[in-house]
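If you're matching them up, the sequences are chains A and B in order. Just so we're aligned: 10 in the working numbering is position 10 of the first sequence, and the numbers increase by one with no gaps anywhere. Take any residue in the second sequence, count from 1 to its spot, add 1000: that is its number in the working numbering.
One thing to keep in mind: the hints can contain errors.
[As the list claims (entries may be wrong)] Each computed DSS-like pair below joins lysine-lysine, with the alpha-carbon atoms no more than 30 Å apart: (1) Lys1016/B to Lys1198/B; (2) Lys396/A to Lys1022/B; (3) Lys1162/B to Lys396/A; (4) Lys1377/B to Lys45/A; (5) Lys1022/B to Lys45/A; (6) Lys1250/B to Lys1022/B; (7) Lys45/A to Lys1033/B; (8) Lys129/A to Lys1356/B; (9) Lys2/A to Lys1356/B; (10) Lys1021/B to Lys396/A; (11) Lys1198/B to Lys17/A.
Hint data in this document are derived by calculation from the structure and do not stem from the laboratory.
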Amino acid sequence: MKFLRDLLDKQKPLFEKGGKLEKLYYAFEAGETFMFSPNHTTGIKGAQVKDAIDLKRMMITVVIAMIPCLLFGIYNTGHQHFLATGGTAGLWEDFGDKAWIGVMLVLPIVLVAYTAGGIVEAIFAVVRKHPINEGFLVTGMLIPLIVPATTPLWQVALATVFAVVIAKEVFGGTGMNVLNVAMTARAFLYFAYPAQISGDQVWTYLGDKMPVDGFSGATALSVVYNAGVEGTQSAVEALAGHNTVLGSGLYEFANLFIGWIPGSIGETSTLMALIGALILIGTGVASWKIIVSGFAGAYLMGLVMNLLAVNEYMAVPPQYHWVMGGLAFGIVFMATDPVSAAQTETGKWIYGLLIGVLTVIIRVTNPAYPEGIMLAVLFMNVFAPLIDYYVVKANKTRRIQRATV
Amino acid sequence: MGRFSKAHSSKTDMSKIVKLKKGFDINMVGKAKQELADFASAQTFAIKPTDFIGLQRPKVLVNEGDTVKAGTPILIDKALDQIIYASPVSGKIVEIKRGDRRKLLEVKILADSTVLYEQFGQVDIASLDRDALAAKLAASGVWPNIIQRPFGIVANPADTPKSIFISGFDTHPLAPDYAFSLQGQERFLQAGIDALAKLTSGKVHLNVDGSKAVPAVFSNLKGAQVNKFSGPHPAGNVGVQIHHLDPINKGEIAWTVSPTGVVQIGKFILEGIYDASKVIAVTGSELTKAAYVKTYSGASVSTFVKGNLNSGHVRVVSGNVLTGEKIALEGFLGFYHNQITVIPEGDYYEFMGWAKPTTRLSYHRALGLLSFLTPNKEFVLDSNGRGEERAFVQTGVFESVTPMDIFPVYLLKAIMAEDFDEIEELGIYEIVEEDLALCEFVDVSKHPVQELVRKGIELIQYS
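Throw the hints in and build the complete structure from the sequences for me.
Pasting the structure below:
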């Protein structure tokens, strides 16, 4: 690696103060610190030694935690294509073809998200003279996982650029943002291009093939929603009876949990999200409090809905809320974003709980939009500072009361 | 004596036991062996005005070439001129070192082979009133051992603190064990506590390590409330202890003294001299021999370090690695420091350093950080900065190493924003740098936390 180091050292003066390419210093810095952790030493006063962690390592841990979802999503994209077009229905049959279709659909989305976002990051870093933040490693992976595999690439690029600029850079970059960046990208797509990200037709890639007779691309959430509207059978029966043309059991609980169902690329598998959660909690990178209270909130609100049930949707057994749609993925990877979540430990309980509660309320009572996690997370992002405000205020009050007693 | 012993019993009834969970022990290679090493005695000593926080306008009272005794005034603070900063040894002033804009950096003294003391005369505490005692201590050289909270500055003899706190153990990395370094000083500790008890309107608290038997040096002391604290670092920090015993509110003043400071005060009371001798721990992974040594405040560390190194590229730290100060190989021990630590200098690049699995010490468990698997291992830590400064991202970590009802991140952000009300309301009166030093260590975003704390204190102190 000596020659690489020598090369960097040779180029460095160009980018430093007074050098020809001074303006591009932070772009250079990003590349340099990616290859070599810096030789800075601690200051004269204060901590003389530092913990081995840095932000890059922390962020890459989150990316690693998403890899099970990504790999599952890639294969599931191919598998759903085969199911819908009457190809081999066996899960592991035509493994190579399924994986290949998935890779060809998903990889470009990942590359586009990283490239578009990376360019925006770099431009802002140069113009605003701040370092390129490692947070983008995570955002660039999150965005592909929460869009359907059929999303046009230009929309992915546009949404990424929009989210990075509006949700992050206008606030001053990573660490300063109010909203979760990836969720903002998702919301942008939903409101700007609803045709490509909602309805029954977008979740399964068909390519130039025709779907099998009787195929419906409806997601579990919309099946349940329709059951609620029609009221002829219970939601669980409706789920069990859905798409029997593809073989039975597509929307049975176990399959919903494992995630061999249509949906956005990375969000279908509750199991994979939970593996991600294990990695995040085990490494201490994400708050277990948010994850636990998020799932608890959804379950409790599901139970409350059961008690008040006036239609079949409200009567859905609460555990189904865990496995349908993007709830698990959203709670594990989006709600726990340390920047946009509540920052106080007490606040995290409340924040997570309300995300779960709101998700179920939006799902069940909002006819316009069957999935609630996106809006719930964004909504609670906005409210997180308020929750923290009261938690911190309680701390200040304790201090003042102590003084007056 | 009769009057005192009555007070003793009522004061010691209320001792508290506090168990702390939050925090983190940094185990390092290079612990001092419990023996006095035969290092050559230090030749030169220095008084560094920068050691005394809050010392505003230092005025030197001696000239180069003057001869001084231990206890001869070297400096005063023009803003608080009844306190003298005295020579720790007898000898000749060899250099008065100034930096930019004539800022006073060091007054160096070449020591005599045997120390001669200024004779102040023994002090009969019972016969003096509080103010007279404070004035005697202030004029003797021992006073700067007394630190005022809030702000962590040298105390003002005119104030009467609500209580005085002594932490009887140090949980910092490689910190000296007072049970060893204070052996035989019981008499002086007792006299020091007696003097301090007179200076406060409240109690003198002596806080000991609750996870061990009370060391012999502390076990028979009277006149202080003995509290037991247990838990990982920073359980030994006096600021943390105050928070759990009798927290400081706006407008209140408490004082703190280290046990070595109490001994110095006690020696002044009983013998009428400023005896700045102390036993310090010479520690760190880069030393061939890590042990204790008897020396005086402000000693040049070179005789302890040179010829005792097992590698060439080192950093010498006066104090411990969390709160200490980098000094030169010929540098001087800080006034408040009871240890030096010698670690490898970390000015190297590391290829893909952020991604490689590593057994380096980390409080975290993020990808590839393996040190949590070996919690009892002793680590070699170097001075590498471990990454670049970034915006605050990780949350909850600072709280988990700060065993106080304080939100460090909010406080630090308020300091960055210079929001005076917030800084005050979030608890600046209760902390000094060392109380958040662990935050600086564990910080993912590598903020200069202790520097920020001092900035926040100064914003409030001088507003």
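Evaluation of the provided hints:
In summary, the hint linking Lys1016/B to Lys1198/B is supported, as the alpha carbons are separated by about 22 Å, within the 30 Å threshold. With a C-alpha separation of about 21 Å, the suggested pairing of Lys396/A with Lys1022/B holds against the 30 Å cut-off. Between Lys1162/B and Lys396/A the CA atoms are separated by roughly 22 Å; this keeps the pair inside 30 Å, and the hint holds. Distance restraint check for Lys1377/B and Lys45/A: the Cα-Cα separation of roughly 27 Å lies within the 30 Å cut-off, and the hinted pair is therefore satisfied.
Simply put, Lys1022/B and Lys45/A have alpha-carbon atoms about 25 Å apart, close enough for the 30 Å limit, and the pair holds. At roughly 25 Å between alpha-carbon atoms, Lys1250/B and Lys1022/B fall within 30 Å of each other, so this suggested pair holds. Straight-line distance between C-alpha atoms of Lys45/A and Lys1033/B comes to about 26 Å, which keeps the hinted pair within the 30 Å bound. Taking the CA atoms of Lys129/A and Lys1356/B, the gap is about 29 Å. The hint holds against a cut of 30 Å.
Pair hint Lys2/A plus Lys1356/B holds up; C-alpha atoms about 17 Å apart against a cutoff of 30 Å. A threshold of 30 Å between alpha carbons decides the hint, and for Lys1021/B with Lys396/A the separation of about 22 Å falls inside it, so the pair holds. Restraint check for Lys1198/B and Lys17/A: the C-alpha separation of about 59 Å exceeds 30 Å, so the hint is violated.
Checked against the numbered hints given earlier, the structure breaks only hint 11 and satisfies all the rest.
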